[in-house]
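J.: Listed here are the chains, written in short residue letters.
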Amino acid sequence: MSATTPQAVPTLPGAPTSSPTAAARTRLGDAIAAEWIKLWSLRSTWWYLGGSAAVVVLTSLLESGDGDPTTPDALTPVLGAVSYFVQYILAVFGIVAITGEIATRSITVTMACTPRRTWIMAAKAIIVGAVVLGASLLVTGGGLLLTAARLGELSLVDGTQAETALAASVYLALLAVFSLGLATLVRRTAGALAVMLLLLLLVPELLRMASERFDAPWINTVGDWTPSPIGWRLMEGEWADGLALLAWAGAAVVAAIWVLRRRDA
Amino acid sequence: MIELTNLTRRYGDKTAVDDLTLRLEPGTVTGFLGPNGAGKSTTMRLILGLDAPTSGTALIGGRRYTDLERPLTTVGALLDAKAVHPGRTGRDHLRAMARSQRIPARRVDEVLERTGMTDAARRRAGTYSLGMSQRLGIAGALLGDPQVLMLDEPVNGLDPDGVTWIRTLLRGLAAEGRTVFVSSHLMSEMQQTADRLVVLGRGQLIADAPMSELLTATGSRVRGPGLEALAERLDDARWTGDDELTVPGVPPEEVGALAHQLGLLLHRLDATEPTLEESYMSLTADAVEYTAGGAA
Chain C
214 MSATTPQAVP
224 TLPGAPTSSP
234 TAAARTRLGD
244 AIAAEWIKLW
254 SLRSTWWYLG
264 GSAAVVVLTS
274 LLESGDGDPT
284 TPDALTPVLG
294 AVSYFVQYIL
304 AVFGIVAITG
314 EIATRSITVT
324 MACTPRRTWI
334 MAAKAIIVGA
344 VVLGASLLVT
354 GGGLLLTAAR
364 LGELSLVDGT
374 QAETALAASV
384 YLALLAVFSL
394 GLATLVRRTA
404 GALAVMLLLL
414 LLVPELLRMA
424 SERFDAPWIN
434 TVGDWTPSPI
444 GWRLMEGEWA
454 DGLALLAWAG
464 AAVVAAIWVL
474 RRRDA
Chain F
6 MIELTNLTRR
16 YGDKTAVDDL
26 TLRLEPGTVT
36 GFLGPNGAGK
46 STTMRLILGL
56 DAPTSGTALI
66 GGRRYTDLER
76 PLTTVGALLD
86 AKAVHPGRTG
96 RDHLRAMARS
106 QRIPARRVDE
116 VLERTGMTDA
126 ARRRAGTYSL
136 GMSQRLGIAG
146 ALLGDPQVLM
156 LDEPVNGLDP
166 DGVTWIRTLL
176 RGLAAEGRTV
186 FVSSHLMSEM
196 QQTADRLVVL
206 GRGQLIADAP
216 MSELLTATGS
226 RVRGPGLEAL
236 AERLDDARWT
246 GDDELTVPGV
256 PPEEVGALAH
266 QLGLLLHRLD
276 ATEPTLEESY
286 MSLTADAVEY
296 TAGGAA
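Chains as they are written, first to last, in this note's numbering: chain C, 214 to 478; chain F, 6 to 301.
Hints in this document: simulated from the structure, not taken from any laboratory.
Quick reminder that beta carbons are idealized off the backbone N, C-alpha and C, glycines included.
Take these hints with a grain of salt, some might be off.
Claimed, not checked - Taking lysine to any residue pairs in the SDA-like style, the calculated list, with each CA pair at most 25 angstroms apart, reads:
1) F:87 with C:416
2) F:87 with C:258
3) F:87 with C:316
4) F:87 with C:255
5) F:19 with C:472
6) F:87 with C:403
7) F:19 with C:421
8) F:87 with C:398
9) F:19 with C:476
10) F:87 with C:256
11) F:87 with C:450
12) F:87 with C:477
13) F:87 with C:257
14) F:19 with C:473
15) F:87 with C:329
16) F:87 with C:399
17) F:87 with C:474
18) F:87 with C:317
19) F:87 with C:467
20) F:87 with C:252
21) F:19 with F:209
Said to hold, decoys possible - Stretches of chain C that chain F covers, calculated by requiring three or more beta carbons in the stretch to come under 8 angstroms of a beta carbon on chain F:
22) 310–319
23) 325–331
24) 427–439
Said to hold, decoys possible - Here are a few chain F residues that sit away from chain C, every Cβ distance over 10 angstroms (derived from the structure):
25) 50
26) 93
27) 121
28) 124
29) 200
30) 218
31) 221
32) 274
From just these sequences and the hints, can you work out the full model?
T.: Here it is as structure tokens:
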């Protein structure tokens with residue numbers, strides 16, 4: 214992201230922009246650049262990303278898998294870490310990207326700088342998505358290599374496994390963007406995290422139980438389209454299902470924009 | 006230039022700002038006074054588009070704030086000094102603001118220098134005193150070198166040096182032809198800083214006048230035995246002690262002459278300085294929202 218280096222900027226006051234579209238692109242670009250600075254100037258960012266890396270590294274080193282380096286099961290530790298721990302860490306990362314500003318009221322400064330609130334939300338979604346995607350690629354890729362190294366078989370990391378790492382990263386990125394949108398609606402860190410936990414852990418399980426209890430398979434089908442089962446299928450190579458996750462994230466962001474535009478700061 | 010036209014904001018059944026029409030001119034410091042809850046902060050939030058008006062408009066140079074391109078280069082505002090993420094350094098806070106407006110990063114160091122925050126800006130904002138937060142907020146308001154400055158209670162938490170500094174700063178900004186809009190509950194401070202006063206009570210405009218019109222004229226304070234005769238002759242005279250009268254608007258020369266005429270003995274006779282407090286109190290007497298036992 215080149216956003217950190219503001220290039221030859223026109224000085225004050227308003228340099229006219231050629232067309233409304235170009236102007237909009239500029240506004241969004243500036244908002245993204247500002248979000249980028251804000252993100253990396255908080256220590257907590259490093260904690261979330263470093264924590265995710267630590268979880269993956271530790272599980273890669275400690276989890277034994279089935280010990281057979283020739284099967285895709287060698288990936289188990291990495292995927293386990295992603296689905297059990299990292300997704301929650303990065304969901305909170307997405308949540309605090311907005312609740313951190315709401316709680317400290319610094320959102321008013323953001324809104325004074327970027328009065329078009331659509332740009333604020335779009336910029337946050339882009340930054341959160343891109344940063345989580347990048348960090349997850351590093352972390353899952355690193356986890357794969359570590360696992361392979363531990364099993365003494367670096368050549369183990371093939372295209373399929375790289376694809377799985379990419380899928381896991383896409384899942385985490387979209388989940389973080391979804392969390393951001395959801396948190397904008399809920400406004401509080403704890404509340405948003407509670408909803409995320411319910412949605413990721415409890416809802417699919419409850420729906421599965423209800424489906425069995427009432428002998429209604431369609432209930433289970435509904436559960437299959439909540440984020441975490443989609444995530445599993447995504448990691449199994451069902452890329453088309455990823456569109457459903459994109460829809461979850463997109464809907465949350467659109468709802469967040471709608472609410473942000475209507476609400477008083 | 007700020008132009009408010011029939012600006013109204015209701016929250017439920019409470020009207021925070023009630024049909025406010027107002028024009029703020031360049032080159033002047035306009036003081037914004039009013040009891041707590043009078044709607045001063047809400048008015049400023051409406052101008053910045055943080056809250057939406059129920060009806061009416063707030064325009065800056067003919068445009069709504071939300072339509073401004075790079076708004077900080079037109080309006081610099083400090084509404085809430087503590088509205089900064091405590092985990093971020095003051096400098097990073099300003100860097101992000103500057104980047105969002107394409108203001109060159111060196112401008113951040115300039116405004117930090119100007120507000121005396123150069124050293125503190127390397128520390129996280131959570132460690133700042135209220136005074137330092139105010140300075141950071143003022144640095145943020147100055148960042149875009151705007152023609153309009155709007156500050157909500159900027160003097161809060163500043164030490165006496167800081168108070169003098171901000172007075173000089175605001176006077177200087179107005180002298181450069183900028184529009185300065187500043188709220189405060191410190192009347193003596195307002196009296197020294199503002200050219201013009203806007204007084205709000207229960208969301209409504211109570212007064213909008215040049216400072217000179219609102220200042221009481223020089224009056225007198227007189228002490229001595231048997232001043233009842235004097236009190237009878239001076240309509241506005243009030244007892245401010247056992248044998249002390251305060252006479253607003255009547256200079257000591259006249260009071261002295263009258264006392265002489267009445268053959269009264271005076272122990273003391275002084276001039277009282279022109280004050281804003283008195284006219285402010287009488288203006289807002291009916292509009293005080295929160296009255297604590299006899300205070301306000």
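J.: Tell me the numbers of any earlier hints that the structure contravenes, in ascending order.
T.: 1, 7, 11, 19, 24, 25 and 26
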